[in-house]
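Asker: Sequence:
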Amino acid sequence: MAAPRELVKTGYYGYPEAKEGPSTVYNNHPASNPALRGLPLAVAGSAVAHLGFISGFLWGNAGFNSLRKLDLDAYEPRYDPTVVPKGIDSSSINPVDPPYKVGPRHANRHYSIADYHSAYESGKTTPTAVAQAILALVPKHKEAFLDIVKDQVLAAAGESTQRYKERKVRGMLDGVPLGIKDEVDFKGHTKCLGSCKDYTSSHGLTSWCVRKWEDAGAVIVGKLNMHELGLDTTNNNPITGTPLNPHNPNYYTGGSSGASAYTVAAGLFPVTLGADGGGSIRIPSAYCGLYGLKPSHGRISNSPTVGLAQSCGVTGPMASNMADLEYAYRIMATPDPHDTLSSAFTYPVPRMIAENEKIIGVYKPYFDVAEPAVLDACHAALSHYGASGYRIIDVKLPYLPEGQTSHAMTILSEISSEISDLSGLTPANKILISVGKHTPALDFLLAQRMRNLLMQHLAFLFKKYPGLLIVTPTTPNAGWHISGGAADLKHGVSDANMSLKNMTYVWLANFLGCPSITIPVGRVAPREGDGKVPIGLMAMGEWGGEEELMEWGRVGEEWAWRAGEEKMAKPQNWVDVLELAKS
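Be aware that the sequence shown starts at 1, since it is given in UniProt numbering, and climbs by one per residue.
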(Lines of atoms letter the chains of each structure in order from A and count residues from 1; the text may use other names and numbers.)
(Lines give C-alpha, C1' and ligand atoms only; values in the text may rest on other atoms or scores of the structure.)
Protein backbone atom coordinates (compact mmCIF):
# COMPACT_ATOMS: atom_id res chain seq x y z
CA MET A 1 0.00 0.00 0.00
CA ALA A 2 1.18 3.49 -0.81
CA ALA A 3 1.97 5.69 2.18
CA PRO A 4 0.21 9.05 2.63
CA ARG A 5 2.22 11.99 1.38
CA GLU A 6 1.93 15.67 0.79
CA LEU A 7 -0.46 16.80 -1.90
CA VAL A 8 0.44 19.97 -3.76
CA LYS A 9 -2.22 21.96 -5.62
CA THR A 10 -0.83 24.26 -8.29
CA GLY A 11 -4.19 25.63 -9.32
CA TYR A 12 -7.67 24.75 -10.49
CA TYR A 13 -9.73 24.48 -13.61
CA GLY A 14 -12.99 26.40 -13.39
CA TYR A 15 -12.26 28.08 -10.05
CA PRO A 16 -14.66 31.00 -9.46
CA GLU A 17 -13.47 34.54 -8.95
CA ALA A 18 -12.73 35.13 -5.26
CA LYS A 19 -15.21 37.88 -4.50
CA GLU A 20 -16.94 38.59 -1.22
CA GLY A 21 -20.70 38.60 -1.57
CA PRO A 22 -23.13 41.21 -0.30
CA SER A 23 -23.66 41.56 3.44
CA THR A 24 -27.09 40.13 4.23
CA VAL A 25 -28.96 39.17 7.39
CA TYR A 26 -30.01 35.54 7.72
CA ASN A 27 -33.75 35.30 8.27
CA ASN A 28 -35.20 31.84 8.70
CA HIS A 29 -38.81 32.19 7.55
CA PRO A 30 -40.69 28.85 7.59
CA ALA A 31 -42.22 27.82 4.28
CA SER A 32 -46.00 28.02 3.85
CA ASN A 33 -46.83 25.11 1.59
CA PRO A 34 -49.81 22.86 2.38
CA ALA A 35 -49.07 19.39 3.78
CA LEU A 36 -51.12 16.74 1.99
CA ARG A 37 -51.73 13.04 2.65
CA GLY A 38 -54.27 10.36 1.85
CA LEU A 39 -57.24 11.21 -0.41
CA PRO A 40 -56.54 14.99 -0.49
CA LEU A 41 -53.04 14.21 -1.77
CA ALA A 42 -54.36 11.90 -4.49
CA VAL A 43 -56.89 14.52 -5.63
CA ALA A 44 -54.30 17.29 -5.55
CA GLY A 45 -51.79 15.21 -7.52
CA SER A 46 -54.29 14.60 -10.30
CA ALA A 47 -55.50 18.20 -10.36
CA VAL A 48 -52.01 19.73 -10.48
CA ALA A 49 -50.93 17.34 -13.24
CA HIS A 50 -53.87 18.35 -15.45
CA LEU A 51 -54.53 21.98 -14.56
CA GLY A 52 -51.61 24.28 -15.32
CA PHE A 53 -52.94 27.24 -13.36
CA ILE A 54 -52.73 25.23 -10.12
CA SER A 55 -49.07 24.30 -10.69
CA GLY A 56 -48.45 27.96 -11.52
CA PHE A 57 -50.02 29.01 -8.24
CA LEU A 58 -47.95 26.47 -6.30
CA TRP A 59 -44.79 27.61 -8.10
CA GLY A 60 -45.38 31.19 -6.95
CA ASN A 61 -46.44 30.11 -3.47
CA ALA A 62 -43.12 28.29 -3.11
CA GLY A 63 -41.36 31.64 -3.55
CA PHE A 64 -39.62 30.74 -6.79
CA ASN A 65 -40.30 34.24 -8.16
CA SER A 66 -38.54 35.89 -5.19
CA LEU A 67 -35.20 36.16 -7.02
CA ARG A 68 -36.67 38.86 -9.23
CA LYS A 69 -36.45 41.24 -6.27
CA LEU A 70 -32.65 40.97 -6.10
CA ASP A 71 -30.01 42.81 -8.10
CA LEU A 72 -27.96 39.98 -9.59
CA ASP A 73 -26.87 41.73 -12.81
CA ALA A 74 -23.21 41.80 -11.71
CA TYR A 75 -23.06 38.00 -11.76
CA GLU A 76 -23.00 35.90 -14.90
CA PRO A 77 -25.09 32.70 -14.77
CA ARG A 78 -23.06 29.60 -13.90
CA TYR A 79 -24.71 26.35 -14.97
CA ASP A 80 -21.98 23.88 -13.99
CA PRO A 81 -20.38 24.03 -10.52
CA THR A 82 -17.48 21.70 -11.37
CA VAL A 83 -14.08 22.91 -10.12
CA VAL A 84 -11.08 20.62 -10.69
CA PRO A 85 -7.78 20.82 -8.74
CA LYS A 86 -4.74 20.32 -10.98
CA GLY A 87 -1.06 19.66 -10.48
CA ILE A 88 -1.55 16.51 -8.34
CA ASP A 89 0.80 13.57 -8.90
CA SER A 90 -1.08 10.31 -8.33
CA SER A 91 1.01 8.07 -10.58
CA SER A 92 2.28 5.81 -7.78
CA ILE A 93 -1.14 5.09 -6.24
CA ASN A 94 -2.68 1.66 -6.80
CA PRO A 95 -6.38 2.34 -7.46
CA VAL A 96 -7.37 -1.25 -6.63
CA ASP A 97 -5.92 -1.31 -3.11
CA PRO A 98 -5.64 2.23 -1.68
CA PRO A 99 -4.51 2.92 1.88
CA TYR A 100 -6.87 1.65 4.57
CA LYS A 101 -6.67 3.51 7.86
CA VAL A 102 -8.36 1.41 10.51
CA GLY A 103 -10.43 3.50 12.88
CA PRO A 104 -11.44 2.78 16.48
CA ARG A 105 -12.43 -0.83 17.10
CA HIS A 106 -15.18 -1.70 19.55
CA ALA A 107 -17.08 -4.88 20.31
CA ASN A 108 -20.46 -3.19 19.93
CA ARG A 109 -20.09 -1.89 16.40
CA HIS A 110 -20.84 -2.84 12.80
CA TYR A 111 -18.59 -5.18 10.83
CA SER A 112 -16.11 -3.37 8.61
CA ILE A 113 -14.47 -4.22 5.30
CA ALA A 114 -11.46 -5.31 7.35
CA ASP A 115 -13.61 -7.74 9.36
CA TYR A 116 -14.87 -9.45 6.20
CA HIS A 117 -11.40 -9.58 4.69
CA SER A 118 -9.95 -11.03 7.89
CA ALA A 119 -12.70 -13.68 8.09
CA TYR A 120 -11.98 -14.75 4.51
CA GLU A 121 -8.21 -14.75 4.97
CA SER A 122 -8.45 -16.88 8.13
CA GLY A 123 -10.86 -19.34 6.55
CA LYS A 124 -13.60 -18.69 9.15
CA THR A 125 -16.03 -18.17 6.28
CA THR A 126 -16.09 -17.51 2.54
CA PRO A 127 -17.59 -14.90 0.21
CA THR A 128 -19.97 -17.61 -1.05
CA ALA A 129 -21.25 -18.34 2.46
CA VAL A 130 -21.72 -14.63 3.13
CA ALA A 131 -23.59 -14.13 -0.15
CA GLN A 132 -25.87 -17.06 0.64
CA ALA A 133 -26.56 -15.69 4.12
CA ILE A 134 -27.52 -12.26 2.75
CA LEU A 135 -29.72 -13.72 0.00
CA ALA A 136 -31.57 -15.70 2.67
CA LEU A 137 -32.15 -12.47 4.61
CA VAL A 138 -33.62 -10.51 1.69
CA PRO A 139 -37.27 -11.57 2.29
CA LYS A 140 -37.08 -10.14 5.82
CA HIS A 141 -35.77 -6.84 4.44
CA LYS A 142 -37.70 -6.80 1.16
CA GLU A 143 -38.54 -3.08 1.32
CA ALA A 144 -34.83 -2.32 0.93
CA PHE A 145 -34.27 -4.23 -2.31
CA LEU A 146 -35.48 -3.64 -5.85
CA ASP A 147 -33.59 -6.04 -8.10
CA ILE A 148 -31.35 -8.99 -7.26
CA VAL A 149 -30.02 -11.52 -9.77
CA LYS A 150 -29.22 -14.46 -7.52
CA ASP A 151 -27.08 -16.38 -10.03
CA GLN A 152 -24.99 -13.28 -10.70
CA VAL A 153 -24.41 -12.72 -6.98
CA LEU A 154 -23.39 -16.33 -6.35
CA ALA A 155 -21.12 -16.38 -9.41
CA ALA A 156 -19.24 -13.26 -8.23
CA ALA A 157 -18.99 -14.69 -4.71
CA GLY A 158 -17.75 -18.00 -6.06
CA GLU A 159 -15.02 -16.34 -8.09
CA SER A 160 -13.89 -14.42 -5.02
CA THR A 161 -13.91 -17.57 -2.89
CA GLN A 162 -11.64 -19.22 -5.44
CA ARG A 163 -9.27 -16.26 -5.40
CA TYR A 164 -8.90 -16.58 -1.64
CA LYS A 165 -8.17 -20.30 -2.02
CA GLU A 166 -5.51 -19.56 -4.62
CA ARG A 167 -4.07 -16.56 -2.71
CA LYS A 168 -4.83 -14.29 -5.66
CA VAL A 169 -6.93 -11.78 -3.76
CA ARG A 170 -7.42 -8.42 -5.49
CA GLY A 171 -7.47 -6.38 -2.28
CA MET A 172 -9.38 -5.86 0.93
CA LEU A 173 -12.67 -5.33 -0.90
CA ASP A 174 -12.49 -8.76 -2.53
CA GLY A 175 -15.55 -10.78 -1.58
CA VAL A 176 -17.10 -8.03 0.53
CA PRO A 177 -20.87 -7.69 -0.03
CA LEU A 178 -22.05 -4.25 -1.14
CA GLY A 179 -25.32 -2.72 -2.34
CA ILE A 180 -25.96 0.06 -4.82
CA LYS A 181 -28.75 2.61 -5.12
CA ASP A 182 -31.09 1.94 -8.02
CA GLU A 183 -30.11 5.27 -9.57
CA VAL A 184 -26.96 3.83 -11.19
CA ASP A 185 -26.72 1.23 -13.97
CA PHE A 186 -25.76 -2.39 -13.28
CA LYS A 187 -25.52 -4.83 -16.17
CA GLY A 188 -28.17 -7.52 -16.01
CA HIS A 189 -30.38 -5.47 -13.69
CA THR A 190 -33.36 -3.23 -14.25
CA LYS A 191 -33.54 0.39 -13.09
CA CYS A 192 -36.85 1.92 -12.06
CA LEU A 193 -35.67 4.86 -9.90
CA GLY A 194 -38.08 3.73 -7.21
CA SER A 195 -41.07 4.05 -9.57
CA CYS A 196 -43.32 1.74 -11.57
CA LYS A 197 -41.50 2.66 -14.81
CA ASP A 198 -38.44 1.20 -16.51
CA TYR A 199 -35.47 3.57 -16.80
CA THR A 200 -32.92 0.87 -17.62
CA SER A 201 -30.04 2.22 -19.68
CA SER A 202 -30.18 1.26 -23.34
CA HIS A 203 -26.40 0.76 -23.19
CA GLY A 204 -26.78 -2.35 -21.03
CA LEU A 205 -23.56 -1.44 -19.20
CA THR A 206 -22.50 -0.96 -15.59
CA SER A 207 -21.84 2.52 -14.23
CA TRP A 208 -18.11 3.26 -13.89
CA CYS A 209 -18.17 3.72 -10.12
CA VAL A 210 -19.83 0.31 -9.68
CA ARG A 211 -17.38 -1.29 -12.12
CA LYS A 212 -14.48 -0.05 -10.01
CA TRP A 213 -15.93 -1.82 -6.96
CA GLU A 214 -16.41 -4.95 -9.04
CA ASP A 215 -12.85 -4.73 -10.38
CA ALA A 216 -11.67 -4.66 -6.76
CA GLY A 217 -13.51 -7.95 -6.19
CA ALA A 218 -16.60 -6.69 -4.35
CA VAL A 219 -19.76 -8.79 -4.54
CA ILE A 220 -22.56 -6.41 -5.58
CA VAL A 221 -25.67 -8.05 -4.15
CA GLY A 222 -28.23 -5.90 -5.92
CA LYS A 223 -30.12 -2.67 -6.52
CA LEU A 224 -31.44 -0.84 -3.47
CA ASN A 225 -34.72 1.02 -3.03
CA MET A 226 -34.99 4.80 -3.13
CA HIS A 227 -37.48 7.64 -2.91
CA GLU A 228 -39.29 7.73 -6.25
CA LEU A 229 -37.12 9.69 -8.73
CA GLY A 230 -35.04 10.87 -5.75
CA LEU A 231 -37.53 13.71 -5.26
CA ASP A 232 -37.75 13.96 -1.47
CA THR A 233 -35.84 13.23 1.70
CA THR A 234 -38.04 10.71 3.58
CA ASN A 235 -37.77 7.62 1.34
CA ASN A 236 -41.52 7.20 1.75
CA ASN A 237 -42.41 5.11 -1.30
CA PRO A 238 -45.92 3.64 -1.65
CA ILE A 239 -44.91 1.99 -4.93
CA THR A 240 -41.81 -0.02 -4.04
CA GLY A 241 -42.05 0.02 -0.25
CA THR A 242 -40.58 2.10 2.56
CA PRO A 243 -37.71 0.70 4.64
CA LEU A 244 -38.08 1.90 8.22
CA ASN A 245 -35.26 3.30 10.31
CA PRO A 246 -33.38 0.40 11.98
CA HIS A 247 -32.86 2.53 15.08
CA ASN A 248 -36.58 3.23 15.49
CA PRO A 249 -39.28 2.01 13.05
CA ASN A 250 -41.46 5.01 13.86
CA TYR A 251 -39.00 7.17 11.92
CA TYR A 252 -38.01 7.41 8.26
CA THR A 253 -34.56 6.37 7.11
CA GLY A 254 -34.25 9.63 5.22
CA GLY A 255 -33.83 9.77 1.46
CA SER A 256 -33.53 9.53 -1.31
CA SER A 257 -30.79 6.93 -0.64
CA GLY A 258 -32.91 5.46 2.14
CA ALA A 259 -32.33 1.77 1.50
CA SER A 260 -28.61 2.39 1.07
CA ALA A 261 -28.59 3.74 4.62
CA TYR A 262 -30.96 1.07 5.93
CA THR A 263 -28.86 -1.87 4.73
CA VAL A 264 -25.67 -0.51 6.33
CA ALA A 265 -27.36 0.39 9.61
CA ALA A 266 -29.08 -3.01 9.74
CA GLY A 267 -25.76 -4.80 9.19
CA LEU A 268 -26.45 -6.30 5.76
CA PHE A 269 -23.58 -4.44 4.09
CA PRO A 270 -20.55 -2.55 5.41
CA VAL A 271 -20.74 -0.02 2.55
CA THR A 272 -23.33 1.04 0.00
CA LEU A 273 -23.51 3.44 -2.91
CA GLY A 274 -25.81 6.43 -2.64
CA ALA A 275 -26.57 9.47 -4.78
CA ASP A 276 -26.93 13.04 -3.57
CA GLY A 277 -28.61 15.92 -5.42
CA GLY A 278 -30.01 17.65 -2.36
CA GLY A 279 -28.66 15.80 0.66
CA SER A 280 -29.73 12.33 -0.44
CA ILE A 281 -26.56 10.69 0.92
CA ARG A 282 -26.02 12.88 3.96
CA ILE A 283 -29.60 13.04 5.28
CA PRO A 284 -30.19 9.24 5.42
CA SER A 285 -26.66 8.76 6.75
CA ALA A 286 -27.42 11.21 9.57
CA TYR A 287 -30.83 9.67 10.29
CA CYS A 288 -29.35 6.15 10.45
CA GLY A 289 -26.17 6.99 12.40
CA LEU A 290 -23.73 6.55 9.50
CA TYR A 291 -20.87 8.31 7.74
CA GLY A 292 -21.76 9.64 4.29
CA LEU A 293 -19.69 11.48 1.68
CA LYS A 294 -21.01 13.75 -1.03
CA PRO A 295 -17.92 14.22 -3.29
CA SER A 296 -17.05 17.27 -5.38
CA HIS A 297 -19.22 17.63 -8.46
CA GLY A 298 -17.73 15.60 -11.32
CA ARG A 299 -15.29 13.77 -9.03
CA ILE A 300 -16.95 10.34 -9.45
CA SER A 301 -18.08 9.04 -12.82
CA ASN A 302 -21.49 7.39 -13.23
CA SER A 303 -21.05 6.81 -16.96
CA PRO A 304 -23.13 5.68 -18.81
CA THR A 305 -25.75 6.82 -16.29
CA VAL A 306 -27.12 10.28 -16.95
CA GLY A 307 -28.37 11.69 -13.67
CA LEU A 308 -31.70 13.47 -13.46
CA ALA A 309 -30.21 16.26 -11.32
CA GLN A 310 -27.42 17.00 -13.76
CA SER A 311 -25.77 20.05 -12.18
CA CYS A 312 -26.47 19.13 -8.54
CA GLY A 313 -26.23 15.35 -8.27
CA VAL A 314 -23.28 13.08 -7.49
CA THR A 315 -22.75 9.53 -6.28
CA GLY A 316 -20.79 8.61 -3.16
CA PRO A 317 -20.32 6.03 -0.40
CA MET A 318 -22.18 5.45 2.86
CA ALA A 319 -20.59 3.41 5.67
CA SER A 320 -20.64 2.67 9.38
CA ASN A 321 -17.07 3.91 9.93
CA MET A 322 -14.59 6.32 8.39
CA ALA A 323 -12.06 3.69 7.27
CA ASP A 324 -14.66 1.95 5.09
CA LEU A 325 -16.02 5.25 3.78
CA GLU A 326 -12.57 6.42 2.72
CA TYR A 327 -11.52 3.07 1.23
CA ALA A 328 -14.70 2.69 -0.84
CA TYR A 329 -14.47 6.31 -2.00
CA ARG A 330 -10.89 6.00 -3.24
CA ILE A 331 -11.77 2.99 -5.39
CA MET A 332 -14.97 4.42 -6.89
CA ALA A 333 -13.24 7.79 -7.51
CA THR A 334 -10.75 6.28 -9.96
CA PRO A 335 -10.88 8.71 -12.93
CA ASP A 336 -12.93 7.51 -15.88
CA PRO A 337 -11.05 8.14 -19.16
CA HIS A 338 -14.36 8.11 -21.05
CA ASP A 339 -16.00 10.78 -18.88
CA THR A 340 -15.04 14.40 -19.53
CA LEU A 341 -15.45 15.60 -15.95
CA SER A 342 -14.08 12.55 -14.13
CA SER A 343 -11.03 12.30 -16.39
CA ALA A 344 -10.08 15.88 -15.49
CA PHE A 345 -9.49 14.73 -11.90
CA THR A 346 -6.51 12.63 -10.86
CA TYR A 347 -6.72 9.63 -8.56
CA PRO A 348 -7.43 10.91 -5.00
CA VAL A 349 -4.18 11.05 -3.04
CA PRO A 350 -4.27 10.92 0.78
CA ARG A 351 -2.22 13.58 2.46
CA MET A 352 -1.29 14.95 5.85
CA ILE A 353 -3.31 18.00 6.84
CA ALA A 354 -1.19 20.87 8.16
CA GLU A 355 -2.16 22.31 11.54
CA ASN A 356 -2.69 25.78 10.10
CA GLU A 357 -5.21 24.29 7.64
CA LYS A 358 -7.46 22.92 10.38
CA ILE A 359 -10.08 25.65 10.42
CA ILE A 360 -13.79 25.30 11.10
CA GLY A 361 -16.07 28.10 9.98
CA VAL A 362 -19.44 28.56 11.68
CA TYR A 363 -22.13 31.00 10.57
CA LYS A 364 -23.88 31.22 13.93
CA PRO A 365 -27.34 32.53 12.92
CA TYR A 366 -27.53 29.73 10.34
CA PHE A 367 -26.14 27.04 12.65
CA ASP A 368 -28.49 27.97 15.50
CA VAL A 369 -31.81 27.39 13.69
CA ALA A 370 -31.46 23.69 14.58
CA GLU A 371 -33.56 22.11 17.32
CA PRO A 372 -32.12 22.32 20.87
CA ALA A 373 -31.32 18.59 21.10
CA VAL A 374 -29.46 18.76 17.79
CA LEU A 375 -27.53 21.84 18.90
CA ASP A 376 -26.51 20.19 22.16
CA ALA A 377 -24.95 17.22 20.34
CA CYS A 378 -23.31 19.37 17.66
CA HIS A 379 -21.83 21.88 20.13
CA ALA A 380 -20.39 19.01 22.17
CA ALA A 381 -18.68 17.72 19.04
CA LEU A 382 -17.40 21.20 18.16
CA SER A 383 -15.82 21.46 21.60
CA HIS A 384 -13.88 18.30 20.84
CA TYR A 385 -12.67 19.71 17.53
CA GLY A 386 -11.54 22.85 19.29
CA ALA A 387 -9.54 20.73 21.73
CA SER A 388 -8.09 18.66 18.86
CA GLY A 389 -6.26 21.43 17.06
CA TYR A 390 -9.07 22.95 14.98
CA ARG A 391 -9.45 26.72 15.06
CA ILE A 392 -13.13 27.69 15.10
CA ILE A 393 -13.95 31.03 13.48
CA ASP A 394 -17.06 32.99 12.56
CA VAL A 395 -17.92 33.24 8.87
CA LYS A 396 -20.79 34.83 7.01
CA LEU A 397 -22.76 33.44 4.07
CA PRO A 398 -25.05 35.73 2.07
CA TYR A 399 -28.50 35.04 0.62
CA LEU A 400 -28.95 31.57 2.14
CA PRO A 401 -32.78 31.42 1.93
CA GLU A 402 -32.62 32.76 -1.63
CA GLY A 403 -29.84 30.28 -2.39
CA GLN A 404 -31.93 27.36 -1.17
CA THR A 405 -34.79 28.58 -3.34
CA SER A 406 -32.37 28.72 -6.30
CA HIS A 407 -31.21 25.16 -5.65
CA ALA A 408 -34.79 23.86 -5.33
CA MET A 409 -35.81 25.59 -8.55
CA THR A 410 -32.75 24.26 -10.38
CA ILE A 411 -33.01 20.63 -9.32
CA LEU A 412 -36.78 20.55 -9.90
CA SER A 413 -36.32 22.04 -13.37
CA GLU A 414 -33.56 19.60 -14.28
CA ILE A 415 -35.48 16.52 -13.11
CA SER A 416 -38.82 17.60 -14.55
CA SER A 417 -37.21 18.24 -17.95
CA GLU A 418 -36.30 14.52 -18.07
CA ILE A 419 -39.79 13.26 -17.12
CA SER A 420 -42.38 13.52 -19.88
CA ASP A 421 -44.99 11.03 -18.64
CA LEU A 422 -46.53 11.61 -15.21
CA SER A 423 -48.84 8.60 -15.29
CA GLY A 424 -48.09 6.04 -12.62
CA LEU A 425 -46.06 8.43 -10.48
CA THR A 426 -47.01 9.03 -6.87
CA PRO A 427 -49.32 12.03 -6.34
CA ALA A 428 -46.55 13.84 -4.45
CA ASN A 429 -44.22 13.59 -7.43
CA LYS A 430 -46.93 14.55 -9.90
CA ILE A 431 -47.15 17.80 -7.97
CA LEU A 432 -43.38 18.36 -7.82
CA ILE A 433 -42.77 17.55 -11.50
CA SER A 434 -45.67 19.74 -12.61
CA VAL A 435 -44.41 22.64 -10.51
CA GLY A 436 -40.87 22.13 -11.84
CA LYS A 437 -42.08 22.29 -15.44
CA HIS A 438 -43.64 25.69 -14.72
CA THR A 439 -40.29 27.46 -14.19
CA PRO A 440 -39.73 30.33 -16.69
CA ALA A 441 -36.31 30.71 -18.31
CA LEU A 442 -35.86 34.12 -16.63
CA ASP A 443 -36.10 32.67 -13.14
CA PHE A 444 -33.90 29.69 -13.98
CA LEU A 445 -31.23 32.13 -15.19
CA LEU A 446 -31.54 34.16 -12.00
CA ALA A 447 -30.97 30.97 -10.00
CA GLN A 448 -27.73 30.37 -11.91
CA ARG A 449 -26.62 33.95 -11.21
CA MET A 450 -27.22 33.22 -7.53
CA ARG A 451 -25.11 30.08 -7.87
CA ASN A 452 -22.22 32.14 -9.25
CA LEU A 453 -22.58 34.72 -6.48
CA LEU A 454 -22.38 32.07 -3.77
CA MET A 455 -19.49 30.24 -5.45
CA GLN A 456 -17.52 33.48 -5.66
CA HIS A 457 -18.19 34.17 -1.99
CA LEU A 458 -16.97 30.69 -1.05
CA ALA A 459 -13.84 31.22 -3.15
CA PHE A 460 -13.26 34.42 -1.17
CA LEU A 461 -13.54 32.51 2.12
CA PHE A 462 -11.30 29.64 0.97
CA LYS A 463 -8.65 32.12 -0.20
CA LYS A 464 -8.79 34.00 3.09
CA TYR A 465 -8.78 30.82 5.22
CA PRO A 466 -6.93 27.97 3.42
CA GLY A 467 -8.24 24.61 4.59
CA LEU A 468 -11.53 26.09 5.80
CA LEU A 469 -14.39 23.66 6.50
CA ILE A 470 -17.85 25.16 6.91
CA VAL A 471 -19.61 23.16 9.63
CA THR A 472 -23.33 22.87 10.42
CA PRO A 473 -25.70 20.24 11.74
CA THR A 474 -26.60 17.84 8.92
CA THR A 475 -30.30 18.51 9.50
CA PRO A 476 -31.87 20.98 11.92
CA ASN A 477 -34.24 18.24 13.11
CA ALA A 478 -33.55 14.99 14.94
CA GLY A 479 -34.90 12.52 12.41
CA TRP A 480 -38.28 12.60 10.63
CA HIS A 481 -41.09 11.01 12.62
CA ILE A 482 -43.75 9.18 10.57
CA SER A 483 -46.54 11.36 11.89
CA GLY A 484 -49.29 9.77 9.76
CA GLY A 485 -48.28 6.23 10.68
CA ALA A 486 -49.30 3.32 8.44
CA ALA A 487 -51.57 5.53 6.32
CA ASP A 488 -48.63 7.69 5.22
CA LEU A 489 -46.65 4.59 4.25
CA LYS A 490 -49.55 3.25 2.21
CA HIS A 491 -50.66 6.42 0.43
CA GLY A 492 -47.64 8.69 0.60
CA VAL A 493 -47.30 12.22 1.90
CA SER A 494 -46.35 15.65 0.56
CA ASP A 495 -44.92 17.95 3.21
CA ALA A 496 -42.86 20.57 1.42
CA ASN A 497 -42.38 22.61 4.60
CA MET A 498 -40.69 19.73 6.40
CA SER A 499 -38.72 18.79 3.27
CA LEU A 500 -37.29 22.30 2.99
CA LYS A 501 -36.52 22.37 6.71
CA ASN A 502 -34.79 19.00 6.36
CA MET A 503 -32.58 20.43 3.59
CA THR A 504 -31.70 23.67 5.41
CA TYR A 505 -27.96 22.89 5.41
CA VAL A 506 -27.34 20.17 2.81
CA TRP A 507 -28.36 22.00 -0.37
CA LEU A 508 -25.37 24.36 -0.33
CA ALA A 509 -22.78 21.72 -1.28
CA ASN A 510 -24.98 20.37 -4.09
CA PHE A 511 -25.73 23.72 -5.65
CA LEU A 512 -22.12 24.93 -5.45
CA GLY A 513 -20.40 21.62 -6.29
CA CYS A 514 -18.37 21.34 -3.06
CA PRO A 515 -17.60 18.09 -1.23
CA SER A 516 -19.38 17.48 2.06
CA ILE A 517 -19.41 14.80 4.74
CA THR A 518 -21.72 13.87 7.62
CA ILE A 519 -20.71 12.03 10.77
CA PRO A 520 -22.83 10.76 13.70
CA VAL A 521 -22.38 12.77 16.90
CA GLY A 522 -25.11 11.54 19.24
CA ARG A 523 -28.63 10.31 19.74
CA VAL A 524 -31.76 11.72 21.36
CA ALA A 525 -34.94 10.30 22.83
CA PRO A 526 -37.64 9.63 20.20
CA ARG A 527 -41.16 11.00 20.02
CA GLU A 528 -42.47 7.45 19.83
CA GLY A 529 -41.27 3.89 20.41
CA ASP A 530 -37.96 2.43 21.50
CA GLY A 531 -34.61 3.33 20.02
CA LYS A 532 -32.90 6.70 20.17
CA VAL A 533 -32.69 8.84 17.04
CA PRO A 534 -29.21 9.57 15.58
CA ILE A 535 -27.94 13.12 14.98
CA GLY A 536 -25.39 14.14 12.35
CA LEU A 537 -22.80 16.91 12.09
CA MET A 538 -21.72 18.04 8.62
CA ALA A 539 -18.69 19.74 7.10
CA MET A 540 -18.34 21.24 3.62
CA GLY A 541 -14.91 21.79 2.09
CA GLU A 542 -13.28 23.50 -0.86
CA TRP A 543 -13.70 21.99 -4.32
CA GLY A 544 -11.50 18.90 -4.47
CA GLY A 545 -11.05 19.06 -0.68
CA GLU A 546 -12.15 15.53 0.16
CA GLU A 547 -8.86 14.95 2.02
CA GLU A 548 -9.58 17.67 4.56
CA LEU A 549 -13.04 16.16 5.06
CA MET A 550 -11.59 12.67 5.59
CA GLU A 551 -9.28 13.97 8.30
CA TRP A 552 -12.13 15.88 9.92
CA GLY A 553 -14.30 12.77 9.85
CA ARG A 554 -11.64 10.61 11.51
CA VAL A 555 -11.20 13.12 14.34
CA GLY A 556 -14.96 13.18 14.87
CA GLU A 557 -15.19 9.40 14.83
CA GLU A 558 -12.56 9.09 17.56
CA TRP A 559 -14.51 11.52 19.73
CA ALA A 560 -17.88 9.86 19.08
CA TRP A 561 -16.71 6.50 20.37
CA ARG A 562 -14.79 8.00 23.26
CA ALA A 563 -17.84 10.05 24.27
CA GLY A 564 -19.85 6.90 24.84
CA GLU A 565 -20.01 3.68 22.88
CA GLU A 566 -23.68 3.21 23.72
CA LYS A 567 -24.46 6.44 21.86
CA MET A 568 -22.95 5.22 18.58
CA ALA A 569 -23.53 1.44 18.68
CA LYS A 570 -25.48 -0.61 16.15
CA PRO A 571 -29.30 -0.79 16.41
CA GLN A 572 -31.04 -3.57 18.30
CA ASN A 573 -32.23 -5.34 15.14
CA TRP A 574 -28.74 -5.44 13.63
CA VAL A 575 -28.03 -8.63 11.67
CA ASP A 576 -24.83 -10.61 12.34
CA VAL A 577 -24.09 -11.64 8.76
CA LEU A 578 -20.66 -13.13 9.47
CA GLU A 579 -22.05 -15.33 12.24
CA LEU A 580 -24.87 -16.50 9.98
CA ALA A 581 -22.33 -17.23 7.23
CA LYS A 582 -20.18 -19.29 9.60
CA SER A 583 -23.15 -21.42 10.62
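If you are wondering where the hints come from, they were derived from the structure by calculation, not from laboratory data. Watch out, some of these pointers could steer you wrong.
Dumping the calculated DSS-like pairs for lysine-lysine here, alpha-carbon to alpha-carbon at most 30 Å [unchecked claim]:
#1 K437 / K124
#2 K396 / K19
#3 K197 / K142
#4 K142 / K490
#5 K437 / K501
Fair warning: this is a prediction, and the values are worked out from it, not measured in the lab.
Asker: Could you work out which earlier hints the structure fails to respect and list their numbers in ascending sequence?
Answerer: 1
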